[in-house]
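Participant: Residues per chain, in single letters:
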Amino acid sequence: MSDVIAAGRTPFEALNGLSMPGLSAAPDRTRYILRGRAGILAPVAEVLGFALPTDACRATGSDQRHALWLGPDEWLLLSPAGDRLDKALAFAIGDVAHSVVEVSHRQVGIVLDRPDAAAVLSVGCALDLDLAAFPVGMCTRTMFAKTEIVLWRTGENVFQIEVWRSFADYLWRYLVLAGAEFA
Amino acid sequence: MSGSFRTGIGGRIRRERTVRFRFDGVTYAGVEGDTLASALLANGVHLMGRSFKYHRPRGVLGAGADEPNALVEVTRGAGRTVPNVRATQVELYEGLEARSQNRWPSLALDVGAVNNLMAPFIPAGFYYKTFMWPRKAWDALYEPVIRAAAGLGHAPTAPDPDTYLNRYAHCEVLVIGAGPAGLSAALAASRGGGRVMLVDEQCEPGGSLLAEPDVRIDGLSSRDWIARTVAELQANPRVTLLSRATAFGYFAHNMIAVNERLSDHLAQPAAGAPRERLWQIRAGEVVIAAGAHERPLVFPDNDRPGILLAGAARTYLNRYGVLPGRRVVIATGHDEAYRTAIDLSRAGVEVAVIADLRPRPTGPLVEQARALGLAIRTGCAITGSRGGLRVTHARLSAILAAGKLGPPDEIACDAVLMSGGYTPSVHLFSQSRGKLRWDEALSAFLPDVSAERERSAGACRGIFALDAVLADGAAAGAAAAGIDAPPALRSTAVDADPAGVMGAVPHDRGPDARAFVDWQNDVTSKDLKLAVREGFQSVEHVKRYTTNGMATDQGKTSNINALGVLADELKRPVEKIGLTTFRMPYTPVTFGVLAGMARGDLFDPVRTTPIHGWAVENGAVFEDVSLWKRARYFPQGAEDMEAAVRRECLAVRSACGIFDASTLGKIEVVGRDAAEFMNRFYINAWTKLGVGRCRYGVLCREDGFVMDDGVVGRIAQDRFHVTTTTGGAARVLNMMEDYLQTEWPELDVWFTSTTEEWAVIALQGPKARDILSGLVEGIDLSPEALPHMALAEGHICGVPTRLFRVSFSGELGFEINVPADQGRTVWEAVWAAGQPHGLTPYGTETMHVLRAEKGFIIVGQETDGTATPDDVALSWAVGKAKPDYVGKRSLARPSMSAPDRKQLVGLLTEVPETVLQEGAQIVASRGLKAPMPVIGHVTSSYYSAVLGRSIALAMVSGGRARMGETLYSPHGAGEIAVKVVGPVFHDPEGARVNV
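Protein sequence lines correspond, in order, to chains A and B.
Note that our numbering has the first sequence beginning at 880, numbered continuously upward.
Note that our numbering has the second sequence beginning at 214, numbered continuously upward.
A portion of the hints provided could be inaccurate.
Each computed DMTMM-like pair below joins lysine to aspartate or glutamate, with the alpha-carbon atoms no more than 20 Å apart [what the hints assert, rightly or not]:
#: 1; chain 1: A; residue 1: Lys966; chain 2: B; residue 2: Asp931
#: 2; chain 1: B; residue 1: Lys842; chain 2: A; residue 2: Asp942
#: 3; chain 1: A; residue 1: Lys1025; chain 2: B; residue 2: Asp837
#: 4; chain 1: A; residue 1: Lys1025; chain 2: B; residue 2: Asp817
#: 5; chain 1: B; residue 1: Lys842; chain 2: A; residue 2: Asp907
What follows is a set of in silico ranges between Cβ atoms, one per label pair, in the way DEER data are often shown [to be verified]:
#: 6; chain 1: B; residue 1: Asn831; chain 2: A; residue 2: Lys1025; range: 24 to 32 Å
#: 7; chain 1: B; residue 1: Glu1006; chain 2: A; residue 2: Ala967; range: 37 to 45 Å
#: 8; chain 1: B; residue 1: Glu1123; chain 2: A; residue 2: Leu894; range: 35 to 43 Å
#: 9; chain 1: A; residue 1: Thr889; chain 2: B; residue 2: Arg944; range: 39 to 47 Å
#: 10; chain 1: A; residue 1: Pro1014; chain 2: B; residue 2: Ala1094; range: 48 to 56 Å
#: 11; chain 1: A; residue 1: Ala1011; chain 2: B; residue 2: Glu229; range: 31 to 39 Å
Hints listed in this document are in silico derivations from the structure and should not be mistaken for laboratory results.
All values derive from a computational prediction rather than experimental measurement.
Cβ atoms here follow ideal geometry from the backbone N, Cα and C, with glycine treated the same way.
For reference, chain A alone in the conformation it holds in the complex (with noise of 0.2 Å):
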């Protein structure tokens, strides 16, 4: 039997300090992919505590927990670290035909907060992060440069990007170096 409690090590470990203004790491979060059929809404409200958002790419939450819209049957949820919600989703939901996968470990979470912050991000996105047209609130599946993100404003200037942790080292190297422009 063994005594020792593993630590944690995040991806972020090996950039050795590789800075920019404006950008960090999220904090831990606890991450769950939500699947199911139409039934599911209602009494995951009920554990989360919000209505999980069925317009395309918005995000629903409360201070601590959200939903985001990745697909008609799909939610990214987030939560903080220990925030454990696969037992009372699948207690709460029953019956009704779902799936629920934590994802806590598979991607990590990068904060942009800088007044440039849509323009650095037009560096590699080719999305239209006008405000007008990518409002506080949305969220989407999409590509910066060669990697998969999910890309999610939560305020005008303030980016919240969940990524594939062995991408994270590529995505952070390139917004340092997309922001030099800008510096």
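Chain A is already provided as a structure; the job is to place chain B on it using the hints.
Facilitator: Then chain B, alone, in the frame of chain A:
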């Protein structure tokens, strides 16, 4: 040529700011605001290059993007040498260093000019005819010689040290071109409140107005009108105005690629300053205001230095304050050349004569020229020129009735300025897949039916009168923005008759006279006629046969004249001949800007596992597997790969090895129909697989060939943990989604990629259980509780784990899945616990050897996309009782079970130390001569340390029926004899895995 050709006043240059530069090693002085071409002309230098094929001396022809001759190499040192740039578009800076191209040893004395004397022997299509035989000589002799002799600049060989930027942009209205039409369009569009972008290739906005100092618009001088318009646009935060930005490609759905040049014009760019930026602009509406290109006249010897376009000469005079010569002949079929004659005459240049092809030219410009007393010959053809490196005489002949020419007359001059009229620039419109229509009156193709949400404005759609251009631009901009057009502006411009001439000018110089149509590609009217005589009728074929309008020039000056020649020769109207498709880029772009930031570390994402750092610290040598870095082997001391792999293999067989398997693709298949889905998708049967058990799954494509494989564990009744190959993860997930969404949408099942959720630590070897036993919690590791191909959930080092008892080595094995953040620390804990047991880290190379010793295939190594499960000895995996699965129907075809299909076998060389080459062919007998019947190939080949000899896997025709046969692998002059055996070399009973 001596003396300055710079005027005393006028132009958009700053005469007080001298700029020194070098061309072919000679130092010259220009002024701020010059281009390389204008500065050379100011020094009396017309000779700027040698032609592509014949090495004929060539001067500058145009003043902008249409320049076909003056292609030079500009260098700023190693890696910063740019060939084939148009001298007309190179902004002068202090210390600029440029060289002419395609000449040796010098521009004035060029040995390659012998090609010119050879011209009768190198007509159109010559390389298709002459150099085809003998075949070998093409590679060894003809092609290298042709490439050396015919060609332009040389690409630099040093790495490009510059940085390049990228930007995606979106706007409601994109206006391409900032001439009078484009400026009006942008201004009108900006009043709609949407985002407007205006891009222009020149160093400042204004377009053709930059050479029109005297015209007044809306009561302002052209200079002030440009300044007022630009100021209003710049004051609008919704407007982006880019100069030195060429829209070079028009892609689907209004995506326009723009190359913005940031620092090439600077004498000393700041260190690290980016050189160019690629803009990829998605526009709601596009206004193309690309202007027009002047057409040369096609007459014999029309390519001497000193012969240039009349409009270009006027640009040099009015914009750059440069005279094209002291005594000029104007040869024209169009009114615009009269403006040039008038302006030059006022600037003190002697206009020897205006030779007008038209019998009775009329209109205000002609009248003005007459009033100035300029000599005008109407109905007069230019039929030749004389001179060496510079034109000295123009040859003129009166056009008599019935197409006859009068006696020639040679007029001394130092420049000939010609104009056949203007060709609307429909390059971008054509790139957008819009349809063109022929306008007989203008002798021009004009935009007709749009394929995109775009509209053309101004000269690029055949509107030339300035008031009309301004109104057309404003209307287009307003319409694009969805608002009403502003009131029309009035100018003082005097309008020209837009009609011109096209095709070849009549001459009496005999069949050998060379009248150039395409200067850049050295195509003459004779070449075009030859192509027609040889049976080419389609304009697309003529283009390829003669090269007219090809390459970087894209026919800017040549297309319409070529069509005129073809129409005459084919005796068909131009609209029946049609126009070739315009290719992007409009003008060349650097590879650097296309690569952008994707270079060095950022060329591609480099994916590393959570355990990567440990492997680095422990001296692993890595290999690339798709985007992943995987540890290949862990050399100790001076070990090479072979030694390290032998040691690692023996360690696994005798004690235990630890291997990072995190890159394996993982997909969680969840839902109450999960088992049903798996049943339909994989070839195996899944419904009876118990919870907590694993099965080796094989996936076929619909054609019945093996596509992927991997171990699948059943976590719960409705949850499968599917693993895939490292490179196949995304492909398998996509295929799952494809089948679910298109074939079986009724199934309640969902797929989630979990590849990166789990770090996977493979522990393989007889000591594996001993090492693990102290680390796990809540899992019974005994063979009874956790037999081979079982899995358990519990904890390891306090971390939740999915522990699979699986083996890809044939030894007792575990794959420890832990959350990725904890992967490294759990790895280190296992590593520490394994020290007393001789635990050894191993890499992919050892993994490959271990599995080959057991005859386990690797998809993509044993299989090549044409192997069925049975071919690779996996028919045992097929769920034969299943009603269907992906590939089942294809596998029922008789050919899929033909006995002579290539089948997986083992090969043992006669000499145990001989290791076959992977990929080597297998033949049935000795002494065969190529081409010989090949019956198979080696797919995997290694030295097996545990067996003390080499082993190989191979796919051999009818292989399973050949057990014991001796076959041969051709090698060098002889062959290697091999014996066919079963594919399992080590522990064929599988005893070692069941302990």
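Participant: All the hints need checking, so say for each whether the structure fits it.
Facilitator: We went through each hint and held it up to the structure:
Distance hint between Lys966 of chain A and Asp931 of chain B is fulfilled; the C-alpha atoms sit about 15 Å from each other, no more than 20 Å. Restraint check for Lys842 of chain B and Asp942 of chain A: the C-alpha separation of about 39 Å exceeds 20 Å, so the hint is violated. Distance restraint check for Lys1025 of chain A and Asp837 of chain B: the Cα-Cα separation of roughly 17 Å lies within the 20 Å cut-off, and the hinted pair is therefore satisfied. Of the pairs offered as hints, the one joining Lys1025 of chain A and Asp817 of chain B holds, with about 7 Å between alpha carbons and a cut-off of 20 Å not exceeded.
Pair hint Lys842 of chain B plus Asp907 of chain A does not hold up; C-alpha atoms about 26 Å apart against a cutoff of 20 Å. The hinted range of 24 to 32 Å is satisfied by Asn831 of chain B and Lys1025 of chain A, whose Cβ atoms lie roughly 29 Å apart. Glu1006 of chain B and Ala967 of chain A have their C-beta atoms about 19 Å apart, which leaves the hinted 37 to 45 Å range violated. A hinted range of 35 to 43 Å for the beta carbons of Glu1123 of chain B and Leu894 of chain A is inconsistent with their spacing of about 55 Å.
Thr889 of chain A and Arg944 of chain B have their C-beta atoms about 28 Å apart, which leaves the hinted 39 to 47 Å range violated. Between Pro1014 of chain A and Ala1094 of chain B the beta carbons are some 55 Å apart, a value that agrees with the proposed interval 48 to 56 Å. Taken as a hint, the range 31 to 39 Å is violated for the pair Ala1011 of chain A and Glu229 of chain B, whose Cβ atoms sit roughly 48 Å apart.
Hints 2, 5, 7, 8, 9 and 11 from the earlier list are contradicted by this structure; the remaining hints agree with it.
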